[in-house]
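Undergrad: Work out the full structure, taking the sequences as your base and the hints as a guide.
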Amino acid sequence: MDAKLSLASKAFPSTAWERGVSLGNIESSLLNIGYLETLSYQQTPLQRLDPRVKLLTTLVFITAVVSFGKYEITGLIPFFIYPVALVAVGNLPPGYLARKILLAAPFAFFIGIFNPLLDRTILVHLGPVGISGGWVSFASIMIRFFLTVSAALILIAGTGLPAVCLALDKLGAPRIFVMQLLFVYRYIFVLTDEALRLVRARALRSFQGRGLGLKVFSFMIGQLLLRTLDRARRIHQAMLSRGFAGRIHLLRPLRLRGPDVAFLLGWSILFALLRWYNIPHLLGSWAGEWIR
Amino acid sequence: MSHHLVEVKDLQYAYPDGTAALQGVSFLLTHGEAVAIIGANGAGKSTLLLHLNGCLLPQAGEVRIGGLPLNKKTLSHVRRTVGMVFQDPDDQLFMPIVYDDVAFGPLNLGLPPTEVDHLVLDSLATVGASHLQDRPPYRLSGGEKRAVAIAAVLAMTPDILVMDEPTSALDPKTRRQLIELLKTFKHTRIIATHDLDLVLDLCSRTIILRDGQVAADGPTLDILQNEELLASSNLEKPLCLQGCPVCRGKSG
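Residue numbers (our numbering), protein chains in the order written: chain A, 1 to 292; chain B, 1001 to 1252.
It cannot be assumed that every hint is accurate.
[To be verified] Covered stretches of chain B (chain A as the covering partner; in silico rule of three or more C-beta atoms under 8 Å from a C-beta of chain A):
(1) 1075-1089
(2) 1105-1119
(3) 1136-1143
[Stated by the list, open to error] Across the chosen pairs, the derived CB separations fall in these ranges:
(4) B:Pro1112 with A:Lys170: 16 to 22 Å
(5) B:Thr1074 with A:Phe110: 55 to 61 Å
(6) A:Gly246 with B:Gln1059: 22 to 28 Å
(7) B:Lys1183 with A:Thr44: 40 to 46 Å
Just so you know, the hints here were simulated from the structure itself, not pulled from any lab data. Glycine is no exception: its CB is placed at the ideal position from the N, C-alpha and C atoms.
TA: Here it is as structure tokens:
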């Protein structure tokens, strides 16, 4: 316990970013969640908006993007205006967000990569080269992945997870789900710290690869589970000590203001327009007629 | 004021694995007393503390808080009266933001929002942590976490404060600030610790636990000077009561 707290105070420099840099790979990507949190403390018009409005707008955006047909590409392009505008207004670092998106990219990649093999009908001719439906749908999947994941990340970076949870709660999401999310978010840092200490303790007493095997690893996982159960018990005791009776109350009055309503309505109407009218297509045909 | 009394009568408790942690502990504390509970590792200190606010219920014997016996019916009342500061602040600060954490207890008591807001801001100001109210607990230093954990308990306006190792893992200056803070409290304070200098500074009365029983109960100064008693309980004189090592070397 003593060692742990003193370690905690040393391992907690001013920003999570520094922490991430000073540790190994897996740890740094986990602890970088803290940097996402730091971004939400900024005072820009984006961060000042009501969290419910941002959550709803993100949901409308994602629904609009995923509702397109499977070969759609041109219709999706105008939707890039949403992440671009929010990154600019919210003063969010595009490079950092892009790296986070890349981290999740393999999932979408492997979902889509078999399409070109299965669907070989030629759909588009670019000069002499025929492009099969499979490649078009693969591209469409990747674009949608990029749009939806970036919207979700921007939501967290521009709002902060606790506020998103609060919004979920106020909008009537199941309480137990909101609480789970809050607790995961609170204790993921404690858990990674605990795991990191185990890993360090092993590394310090392992030589020439001895002690680094799978057997020891399984003991460590077991140890981590036991510690986690123990901690869960203590947390529960602490909650009971403060009058917990199955319901967590949050004290955070939310008020909708003019800009909030404008944000939600403005973007929703734009998404609806972009969904029903293929703007690049229209622009193309207008330009064609004008030239003629 | 009888409602601040803490009375423990022949308390016994054995853990499911058979370890007898408490074997007949009895004492009576009166209003406003600051009492230290000291003893070797495994002497039963933490188990005793967990009984004082009903995290554990007595298997035999009795705990009375403010005249009420501790049982399932009085549990919520007892928990409001007795504020418990846990050893590891990470266990206690479970909400995502300091403000929400301090508000957790008062909101569970069903107080109106404006009053909760006052209580939260007041308790944070008392421990000197007002500037931390919007921070997530995992970003705080050890000392800050401890201060917020105490604020979270103060916000429930308890009459009795129970603390498990409040100064463990604090740097000397933070420890000193905490001791000064605890001195200003008017609550009945029960502190389990190995920090015997803190005991000397803060507590007028000391109870020594040994193997789940009370080995001694009396004025702190008497107990902490009884070397024989201390040695038999795996303790030693507080450093400030021991001879100065530099002077001792010179005279010898």
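Undergrad: With reference to the structure, classify each hint as holding or not holding.
TA: Quick rundown of the hints versus the structure:
Against chain A, the segment 1075-1089 of chain B contributes 8 residues with a C-beta closer than 8 Å to a partner C-beta. That satisfies the three-residue criterion, and the hint holds. Coverage of a stretch by a chain is defined here by at least three residues with a beta carbon nearer than 8 Å to that chain's beta carbons; for the segment 1105-1119 of chain B and chain A the count is 7, and the condition holds. Evaluation of the coverage hint for the segment 1136-1143 of chain B: fulfilled, as 8 residues show C-beta separations to chain A shorter than 8 Å, against a requirement of three. Judged by the Cβ atoms, the range 16 to 22 Å given for B:Pro1112 and A:Lys170 holds: they are separated by roughly 19 Å.
About 59 Å separates the C-beta atoms of B:Thr1074 and A:Phe110, a value consistent with the hinted range of 55 to 61 Å. Evaluation of the 22 to 28 Å hint for A:Gly246 and B:Gln1059 yields a pass: the beta carbon distance comes to about 26 Å. At roughly 45 Å, the beta-carbon separation of B:Lys1183 and A:Thr44 lies within the given 40 to 46 Å, and the hint holds.
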